[in-house]
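Undergrad: Here are the chains, one letter per residue:
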Amino acid sequence: MLTDSRPSNLSTQTTTRSVLLMWLAPLLICASPFASAQWLAGASAETLFNDNVTRSPYPDHALSDKSLDVSLWRGYHLQLAEYTALLMQGSLSHQQFDHFSALSNTRLSGSAELSHKFGLGANTPVLAFTAVIERSLFNDTHRDQSLYRTSVSLRQRIQEQWQLAITATHEHTNGDYGQNIPLVPPAPPLPTNVWDLGAWQLAVNAEWDIGPASWLSATVSWRNGDIVASTPPYPKILDASSAIAFDPVFGAGVVAYRMAATTRSITLDWNHAVGDSSTLYVGGERQWTRGEYGLEYPVHIIRAGFLHNF
Amino acid sequence: MLHLHKVSLVPFMLCTLLWQLTSAPASAATLSLTLTDQNKTAVEDAVIYVTTVNGKHVAPMPQTAIVDQIGEMFVPHVRAVTLGSRVSFPNSDPIRHMVYSFSGAKNFELPLYSGAPPAPVLFDKAGLVTLGCNIHDHMVGYILVLDTPYYAEVHEGKATITNLPAGQLAVEIWHPLLTQEQALQLTITVSADQNATLSQQLELRPERKVRRAPHRGATHY
Ligand SMILES: [Cu+2]
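Just so you know, the protein sequences line up as chains A and B, in that order. Position 213, counted from 1, in the first sequence is what my numbering calls 317; the numbers after and before it change by one each time, with no gaps. Position 35, counted from 1, in the second sequence is what my numbering calls 44; the numbers after and before it change by one each time, with no gaps.
It is worth saying that the hints were derived from the structure and are not from the lab. In this text the structure is predicted, and so the values were computed from the model without any measurement. One should not assume that every hint holds.
Stated by the list, open to error - Here chain B is said to cover these stretches of chain A; the calculated rule only asks that three of the stretch's residues, wherever they fall, bring their Cβ under 8 Å from a Cβ of chain B:
#, segment
1, 217 to 227
2, 320 to 331
3, 344 to 357
What the hints assert, rightly or not - To give an idea of the chain B side of the interface with chain A (calculated C-beta under 10 Å), a few residues:
#, residue
4, Met107
5, Phe111
6, Tyr160
7, Glu162
8, Tyr230
Ideal placement from N, C-alpha and C gives every residue a C-beta, glycine not left out.
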């Protein structure tokens with residue numbers, strides 16, 4: 105009999121939380137009356153098509169769906185010193201899936217970015233440390249989770265027409281999983297905390313102006329860490345998984361499982377400025393995930409969205 | 010008391026009148042410009058100036074000028090000043106700005122400030138000075154430092170240079186979005202008391218829109 109076990113990475117979560125507090129506490133103290141502060145706010149809407157929401161390695165079980173994601177955010181920018189700034193943001197988002205409404209979710213997120221510019225000028229590099237905490241509540245409550253992400257990013261405008269950014273990210277997702285349904289023997293005795301994920305990612309982003317109001321944004325990323333997929337429990341999958349539980353969202357007998365994998369992705373977006381404070385974009389993403397036993401998890405995403413800063 | 014005051018002003022007023030009569034050309038001409046772009050739209054933020062009169066350079070008097078910062082923009086976007094002028098950079102925004110320039114005509118940096126500016130900046134070399142703000146990279150402005158007393162800023166496609174001496178004038182028209190490297194160069198002859206008019210069209214590049222970074226949610230793995 106498989107049992108529901110507590111995550112083995114509690115110490116990692118504690119460390120992540122401590123790191124966030126260690127960053128935020130001195131920064132909030134630094135936010136003295138001498139600092140220059142500015143409130144920011146924005147809203148966005150994105151429609152998205154994902155050809156493999158199940159993240160299945162088997163084309164027969166790959167299920168697609170459309171979703172609409174709307175988001176409202178509020179930010180507070182503090183210029184702490186001549187070259188150092190802190191941006192704190194909070195956002196509330198909702199993603200509504202068209203067919204698999206169980207995947208629809210509401211997210212509350214808070215982030216802090218501490219950035220430092222290495223001198224004067226628009227082409228001077230900027231180093232930024234970012235911490236994000238996000239709470240996601242799904243219609244399928246098995247998926248409810250908290251995400252902790254820390255990243256370090258170096259960005260630079262190379263010429264007037266293009267800029268480059270390199271970002272290294274560590275993220276940890278802590279699933280609630282309390283109600284997850286374990287598999288029974290002869291399945292191997294695996295934990296059910298499939299939405300407890302940890303991963304490292306390295307991303308390189310380039311933005312290139314193609315007109316006075318249009319620019320292309322391309323991102324290449326390498327991710328090494330856990331993924332979740334939902335398929336029938338084939339023997340290969342039982343062997344490769346580090347956690348497994350029934351996932352009734354995609355039908356009876358389907359399981360959600362966690363597996364260590366490497367993911368390469370390419371994202372390309374065309375952006376167009378509308379007025380001085382809005383952006384329209386259309387783009388796509390291709391993810392190649394490779395797990396154990398040569399399992400391949402292809403995902404294609406097409407999206408279009410509108411962002412507005414109030 | 011009032012009477013004494015009036016009497017004491019008379020010599021001053023006479024002196025002022027005498028100075029104006031001697032400093033302005035005896036029969037000053039006026040040059041009025043109408044400026045459009047290739048789409049027949051009235052041009053904003055251009056500068057028209059006279060570089061030589063009958064082939065001779067005329068030295069300008071220094072002035073004081075202001076370039077304000079309003080809504081994360083330099084206002085005006087283009088400011089023309091004479092050589093030796095001092096420009097102050099007040100900040101009318103509720104946030105701090107950090108004005109700088111790397112231009113050959115003036116390399117300077119003002120520390121992060123709000124409200125009243127530090128001391129005005131002396132512009133003692135003729136040429137174009139491109140302004141930036143190190144906090145807001147989208148903020149760009151221009152100061153054109155001119156070695157001539159005869160110039161005007163163009164607003165809504167119109168500008169007028171007054172008190173011009175008669176003769177052959179070498180005129181230039183400059184705009185930050187000119188497609189050509191150099192300012193537009195013209196030669197105009199004006200006679201005494203003439204109200205000369207000039208209509209010109211500039212080829213301008215489209216203005217780059219302010220870009221805001223997209224704010225996108227996380228990808229769930
Ligand atoms: Cu600024």
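Undergrad: Honestly, which of those hints from before does the structure not fit?
TA: Violated hints (numbers, rising): 3, 6 and 7; every other hint is consistent with the structure.
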